[in-house]
Amino acid sequence: MIFDLTHTVEKSDDLHVLSALMTALLGQPCLKVDLSYGDEFMLHVGSPVAYRHPKLANETKGAWILGTRASSWRLLLTNPPLLIEHAMPDLFSPPMSAYPVRMGNATVKSSEEVEKNARPLSGKIISGVHLIHWPVPAPMDVGIGFSVDFVGEANLVVLPSPEPDEGDDPVADWELFTPYHTYLRVGPGLTWSYVRSDLAAASATPA
Amino acid sequence: MDIVSPTTPAPASQSDMGRKRDLKRVDRVAREAGIPPEERRDFGRYVERCKRDGAYGSPPDGDATEDELRMMAEEFKRGIR
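Heads up: the sequence lines are chains Y and W, in that order.
Per the numbering used here, residue 413 is the first one in the first sequence, and the count goes up by one each step.
Per the numbering used here, residue 827 is the first one in the second sequence, and the count goes up by one each step.
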């Protein structure tokens with residue numbers, strides 16, 4: 413199959429095509445991890461690209477950016493071995509009252525500390541990308557998460573948030589920005605779109 | 827304590843609640859300012875950097891008000907090269 417990465421898809425629930433699009437990340441190096449406002453986790457991948465705003469002149473971003481939006485995320489690092497997570501669903505019922513400190517040695521990190529701890533991921537090659545079906549409350553019932561494996565056994569898991577989405581214009585579970593002024597917008601639920609990223613939202617229609 | 831089956835939705839954690847509301851607020855401000863999605867990402871990073879600098883709210887963990895976000899959106903647009 414041939415996928416034209418400049419061709420947009422307004423709406424789809426074909427997870428085979430979504431999975432194929434995600435394979436674009438395979439073999440590419442992680443540039444860095446950073447956090448955006450609202451605790452959005454951003455995995456920057458591929459060649460470094462300059463920001464256009466002078467306040468961000470001392471940083472670069474990846475040609476590809478995988479961002480979590482409202483999803484929960486968990487990063488497993490191996491050297492040093494660290495498990496860093498944000499808002500991962502509590503698999504115990506009822507939820508632990510002591511959340512978010514779950515272990516005796518668990519600490520709450522600032523976004524700057526998370527970025528500092530994640531620096532060893534820079535340069536690591538992505539060796540695997542897998543979609544995850546994850547149960548969420550009705551009416552969606554199921555959402556799409558993913559895992560990204562890195563050479564050296566580091567691993568990122570992103571899961572859709574169970575938080576109810578009120579009102580119109582629901583927040584996507586996660587997004588993948590490409591170097592081609594397009595982006596994948598996945599969720600809520602099993603639907604996704606692949607649309608222009610360089611047009612203001614009200615006019616983000618297929619090219 | 828019962829373990830929830832992987833087929834059962836886990837409850838939202840405390841740190842998860844309200845995030846969609848915050849994201850929608852940023853999205854709304856960016857949309858009103860005519861900031862497209864790829865620059866909305868950059869705007870989010872810009873706001874995070876402003877937050878760390880204590881440029882608004884109650885640093886280091888204060889959230890911006892919608893008026894502060896609108897002001898930053900205008901500053902962000904003016905600064906883009």
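It is worth saying that the hints were derived from the structure and are not from the lab.
Here a beta-carbon is modelled for each residue, glycine too, at the ideal position from N, C-alpha and C.
Careful, some of the hints might be misleading.
[Unchecked claim] With the Cβ distance kept under 10 Å, some of the chain W side facing chain Y (calculated, not the full set): (1) Ala856; (2) Gly860; (3) Pro862; (4) Arg875; (5) Gly880; (6) Leu895; (7) Arg896; (8) Met897; (9) Glu901; (10) Arg907.
[Said to hold, decoys possible] Calculated cross-link-like contacts (lysine-lysine; reagent style BS3-like; alpha-carbon spacing at most 25 Å): (11) Lys423/Y to Lys850/W; (12) Lys444/Y to Lys536/Y; (13) Lys423/Y to Lys444/Y; (14) Lys467/Y to Lys528/Y; (15) Lys903/W to Lys850/W; (16) Lys467/Y to Lys903/W; (17) Lys850/W to Lys536/Y; (18) Lys528/Y to Lys444/Y.
[Said to hold, decoys possible] Examples of chain Y residues toward chain W, derived with CB under 10 Å: (19) Glu422; (20) Asp426; (21) Leu433.
Agreement of hint Leu895/W with chain Y interface, Cβ distance less than 10 Å: Holds, about 9 Å.
Would you check whether Asp426/Y satisfies its interface hint, that is, whether its CB is within less than 10 Å of any CB in chain W? Asp426/Y check fails; min Cβ-Cβ to chain W is 22 Å, beyond 10 Å.
Residue hint Gly880/W, partner chain Y, criterion CB-CB below 10 Å: 13 Å, violated
Could you grab the alpha-carbon distance between Lys528/Y and Lys444/Y and see if it respects the 25 Å cut-off? Holds. Lys528/Y to Lys444/Y sits at ~10 Å (cutoff 25 Å).
With a cut-off of 10 Å on the beta carbons, see whether Arg875/W makes it to chain Y. Interface hint status for Arg875/W: holds (6 Å vs cutoff 10 Å).
Tell me if the straight-line CA distance from Lys903/W to Lys850/W falls inside 25 Å. 19 Å, holds
Taking 25 Å as the top limit, are the C-alpha atoms of Lys467/Y and Lys528/Y close enough? It holds: about 20 Å lies between the C-alpha atoms, which stays within 25 Å.
Given hint Lys444/Y paired with Lys423/Y - CA-CA distance at most 25 Å: Outside the cut-off at roughly 30 Å; violated.
Evaluation of the interface hint that places Gly860/W against chain Y, nearest CB under 10 Å: 5 Å, holds
Is Lys423/Y within 25 Å of Lys850/W, Cα to Cα? 20 Å, holds
Using the nearest Cβ pair, does Leu433/Y come within less than 10 Å of chain W? 16 Å, violated
Taken at face value, is the distance from the CA of Lys903/W to the CA of Lys467/Y at most 25 Å? 12 Å, holds
Comparing the model with each earlier hint shows violations of hints 5, 7, 8, 13, 17, 19, 20 and 21; every other hint is respected.
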